[in-house]
Amino acid sequence: MTERTPEKISEMDFETAFVALQENVAQLEGEELPLEKALSLYELGQHLAKRCATLLEEAELKVRTLSMEAPTSDEEES
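Numbering (this note's numbering), first residue to last: 1 to 78.
Any given hint could be a false lead.
To be verified - Pairs of lysine-lysine residues, derived as DSS-like cross-links and limited to a Cα-Cα distance of at most 25 Å, are as follows:
| no. | residue 1 | residue 2 |
| --- | --- | --- |
| 1 | K37 | K8 |
| 2 | K50 | K62 |
| 3 | K50 | K8 |
| 4 | K37 | K50 |
| 5 | K8 | K62 |
Rather than coming from a laboratory, the hints here were simulated on the basis of the structure.
Only a predicted model underlies this, so the values are computations on that prediction, with no experimental measurement involved.
Model the full structure from these sequences, guided by the hints.
Okay, structure coming up:
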């Protein structure tokens, strides 16, 4: 399993962070955990969710930027 520190999470690509987040949620939902372990997993999940959200926002911005740069059908006919 990949080390999941905030520094390592900030280097993850979307797919890796999303899979790690899913695994984290499954652990939280599926086990009787001591409070400290549950809090640790929750904190980790917050970092993973933030990474996923950041990458999605960056992708959305890139798509919007590219859409603005794409010529419209009127421009293509010129």
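Okay, the hints, checked on the actual structure:
With a C-alpha separation of about 20 Å, the suggested pairing of K37 with K8 holds against the 25 Å cut-off. Among the hinted pairs, K50 with K62 is consistent with the structure: their alpha-carbon atoms are about 18 Å apart, no more than 25 Å. Straight-line distance between C-alpha atoms of K50 and K8 comes to about 13 Å, which keeps the hinted pair within the 25 Å bound. The suggested pairing of K37 with K50 holds, with an alpha-carbon distance near 20 Å, which does not exceed 25 Å.
For a cut-off of 25 Å, the pair hint linking K8 to K62 stands: about 24 Å separates their Cα positions.
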